[in-house]
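Chemist: Sequences and hints are given; from them, build the entire structure.
With UniProt numbering as the guide, the letters of the sequence shown map in order to residues 1 to 537.
Derived from the structure by calculation, the hints contain no laboratory data. Owing to the predicted nature of the structure, the values given are computational and were not obtained by experimental measurement. Watch out, some of these pointers could steer you wrong.
[Unchecked claim] In silico lysine-lysine, DSBU-like type, Cα no more than 35 Å apart, as pairs:
#: 1; residue 1: 423; residue 2: 516
#: 2; residue 1: 423; residue 2: 436
#: 3; residue 1: 73; residue 2: 319
#: 4; residue 1: 138; residue 2: 453
#: 5; residue 1: 262; residue 2: 38
#: 6; residue 1: 111; residue 2: 11
#: 7; residue 1: 17; residue 2: 43
#: 8; residue 1: 73; residue 2: 111
#: 9; residue 1: 43; residue 2: 292
#: 10; residue 1: 138; residue 2: 4
#: 11; residue 1: 436; residue 2: 43
#: 12; residue 1: 448; residue 2: 427
#: 13; residue 1: 453; residue 2: 4
#: 14; residue 1: 453; residue 2: 17
#: 15; residue 1: 448; residue 2: 356
#: 16; residue 1: 516; residue 2: 292
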Amino acid sequence: MPYKQKFPLEKTASGGKEYLAYKMPYCNLYETLEASAKRFSDKVAVVDVASRVTYRELQQKTDAFAAYLYHYKHIRQGDRIALVMVNSIEFCVCFYAILKIGATVVSVNTKLSGDEMGYILSDAHANYAITDRAWYNKLENHRPQLDWLIFSDTAPDGFSTVAEAIETGAKLPDTPTVRDDSLPADIMYTSGTTGRPKGAVMTHFNLLQGLYVYVEADDMDEREITVLSVPAFHITGLNNVLTVFIFIGGTIVMLPFFNAEKTLDAITEYRATYFHAVATVFMMLEGAVTEKHDLSSLRTALCGGGFISRETIRNFCAKAVNCRFHPVYGMTETSGAGTYFSGHCLDSSIEDSCGKVSANCEIQIVNENNVALPANTMGEICFRGSFVIDHYLNGVSPDSFTDGWLHSGDVGYFDENGYLFIKDRIKDMINRGGEKIFSLAVEDVIMKYGGIKQAAVFGVQDDLYGEVPAAVIVPESGVSISIDSLRTYLRDHIAHYKVPVIFEIRDRLPVTASGKPRKFELRQEFNRKRQRESVKL
Numbered sequence: 001m002p003y004k005q006k007f008p009l010e011k012t013a014s015g016g017k018e019y020l021a022y023k024m025p026y027c028n029l030y031e032t033l034e035a036s037a038k039r040f041s042d043k044v045a046v047v048d049v050a051s052r053v054t055y056r057e058l059q060q061k062t063d064a065f066a067a068y069l070y071h072y073k074h075i076r077q078g079d080r081i082a083l084v085m086v087n088s089i090e091f092c093v094c095f096y097a098i099l100k101i102g103a104t105v106v107s108v109n110t111k112l113s114g115d116e117m118g119y120i121l122s123d124a125h126a127n128y129a130i131t132d133r134a135w136y137n138k139l140e141n142h143r144p145q146l147d148w149l150i151f152s153d154t155a156p157d158g159f160s161t162v163a164e165a166i167e168t169g170a171k172l173p174d175t176p177t178v179r180d181d182s183l184p185a186d187i188m189y190t191s192g193t194t195g196r197p198k199g200a201v202m203t204h205f206n207l208l209q210g211l212y213v214y215v216e217a218d219d220m221d222e223r224e225i226t227v228l229s230v231p232a233f234h235i236t237g238l239n240n241v242l243t244v245f246i247f248i249g250g251t252i253v254m255l256p257f258f259n260a261e262k263t264l265d266a267i268t269e270y271r272a273t274y275f276h277a278v279a280t281v282f283m284m285l286e287g288a289v290t291e292k293h294d295l296s297s298l299r300t301a302l303c304g305g306g307f308i309s310r311e312t313i314r315n316f317c318a319k320a321v322n323c324r325f326h327p328v329y330g331m332t333e334t335s336g337a338g339t340y341f342s343g344h345c346l347d348s349s350i351e352d353s354c355g356k357v358s359a360n361c362e363i364q365i366v367n368e369n370n371v372a373l374p375a376n377t378m379g380e381i382c383f384r385g386s387f388v389i390d391h392y393l394n395g396v397s398p399d400s401f402t403d404g405w406l407h408s409g410d411v412g413y414f415d416e417n418g419y420l421f422i423k424d425r426i427k428d429m430i431n432r433g434g435e436k437i438f439s440l441a442v443e444d445v446i447m448k449y450g451g452i453k454q455a456a457v458f459g460v461q462d463d464l465y466g467e468v469p470a471a472v473i474v475p476e477s478g479v480s481i482s483i484d485s486l487r488t489y490l491r492d493h494i495a496h497y498k499v500p501v502i503f504e505i506r507d508r509l510p511v512t513a514s515g516k517p518r519k520f521e522l523r524q525e526f527n528r529k530r531q532r533e534s535v536k537l
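Modeler: Structure (structure tokens):
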């Protein structure tokens, strides 16, 4: 019989507020690995491109690396270690070893430039780093601020590798687990769509509460198999997949980078049952499925990280015929799903919703004066709960928190049955002469035109209306888009004032490190163009 851990909800106090939280025996995320290693010692835990490990082997490697950090490198509670690594067994070992000894992981996006990485190292006061050899050139200029650097794979002369550290640590005394769930476990930086990224400080308690949302909602057990091709340095990969599967004793197939064909190959080869990714990934997957791919083993697919069109969901589920698709909604700052669509969204008449509020979370819709709004009234979405952070690193953006509520910056509403609908980002909502235009809604209609890979709709300055909508379109490969035809299509499907005044076709969109369109850059660029045109006139 499969093993299922069931934990009750209870009231708990934190920061002077009461929350509902799952009562668990764990005070350190490492303890979930320890528990799975006891129950499923010979079961395959993680597979990567180089090798595979059982739960017993994963714990042994983790314990040895923790001993190395503690005894050899003198890492202690409160120290911060940056992980600049792709998905791998070594990532798992380093992550859980750091947490075991009470230190804090600083997750660093490997796609960042050297200067951007340097900013995070400095802002987080991370004096130590573990990295793949591929990223050494990005970190080289920041070596003076690092006390030491360890490599996950091959190392330059004078540096150690994780494998060497494990070998050394295996000969050292074991280290006790620091059991304090209020300690920071991970500092993960936001995408920085409008400026410098902010460090979201997530405690062990936050991460444990966030991961269990998925365990409970999906009725998961150790038989689950997943392919993790989204990066573990983002919240989706880390606490919505990796930690969830270690918790339940499932099997994780880790790919170092996302590649649509290799992801589909892995789902087919390993008979994956569960797949969680962001909207962009599903868009790329559904267009890459060929006859050699068999997705019939998938029973659960989840999507967060931005708007996904229902056409994309339908196309994906037509290939994954036994799969239920669940939209979820959360942020880096929530470490879990604030809402979860419990049924197959395509079986519902409210398929545009991202579901109902998770049991250990609260969400309210507020106006500009922070007054809670009733059902079917649009406002800003605010979170509060056991898996929601209560501050950013170094006290930045204090206005994001009001009386324990985290302001999301998203606009949405609840219907009378408690289903949440996301309409836009506050900063991306367009005000055309008093008429509110939701950019995501316009993008959705544009995507239904066909032959379009991506679309970004945003507001640009206008002397008469204040703002008017503009759109940048990325066609699918080999497709030619007629702007006149697209404009006519839009006028047939949405109000005329919502139709973009300006269209531009490009090969790609500027995106953040997490793949979200940098609309503020497009907005600035188009506004400068319009200003120059006004000067010429």
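Chemist: Does each hint hold? Answer for all of them.
Modeler: Right, here's what the structure says about each hint:
Our distance criterion of 35 Å between C-alpha atoms is met by residue 423 and residue 516, whose separation comes to about 16 Å. Our distance criterion of 35 Å between C-alpha atoms is met by residue 423 and residue 436, whose separation comes to about 11 Å. For the suggested pair residue 73 and residue 319, the alpha carbons sit about 50 Å apart, so the restraint of at most 35 Å is broken. Only pairs whose Cα atoms come within 35 Å are accepted, and residue 138 paired with residue 453 is accepted, the gap being roughly 31 Å.
Restraint check for residue 262 and residue 38: the C-alpha separation of about 32 Å stays at or below 35 Å, so the hint holds. For the proposed pair residue 111 and residue 11, the alpha carbon gap of about 40 Å is over 35 Å, so the pair is violated. Distance check on the hinted pair: residue 17 and residue 43 sit about 41 Å apart at the alpha-carbon level, beyond 35 Å; violated. Using a Cα cut-off of 35 Å, the hinted pair residue 73 and residue 111 holds, with the two alpha carbons roughly 28 Å apart.
Only pairs whose Cα atoms come within 35 Å are accepted, and residue 43 paired with residue 292 is accepted, the gap being roughly 28 Å. At roughly 43 Å between alpha-carbon atoms, residue 138 and residue 4 are farther apart than 35 Å, so this suggested pair is violated. Simply put, residue 436 and residue 43 have alpha-carbon atoms about 54 Å apart, too far for the 35 Å limit, and the pair is violated. Restraint check: the Cα-Cα separation between residue 448 and residue 427 comes to about 24 Å, which is no more than 35 Å; the hinted pair holds.
At most 35 Å may separate the alpha-carbon atoms for a hinted pair to count; residue 453 and residue 4 exceed this at roughly 41 Å. For the given pair, residue 453 sits about 45 Å from residue 17 by alpha-carbon distance, which is inconsistent with the 35 Å threshold. For the suggested pair residue 448 and residue 356, the alpha carbons sit about 26 Å apart, so the restraint of at most 35 Å is met. Taking the CA atoms of residue 516 and residue 292, the gap is about 31 Å. The hint holds against a cut of 35 Å.
Checked against the numbered hints listed earlier, the structure breaks hints 3, 6, 7, 10, 11, 13 and 14; every other hint is satisfied.
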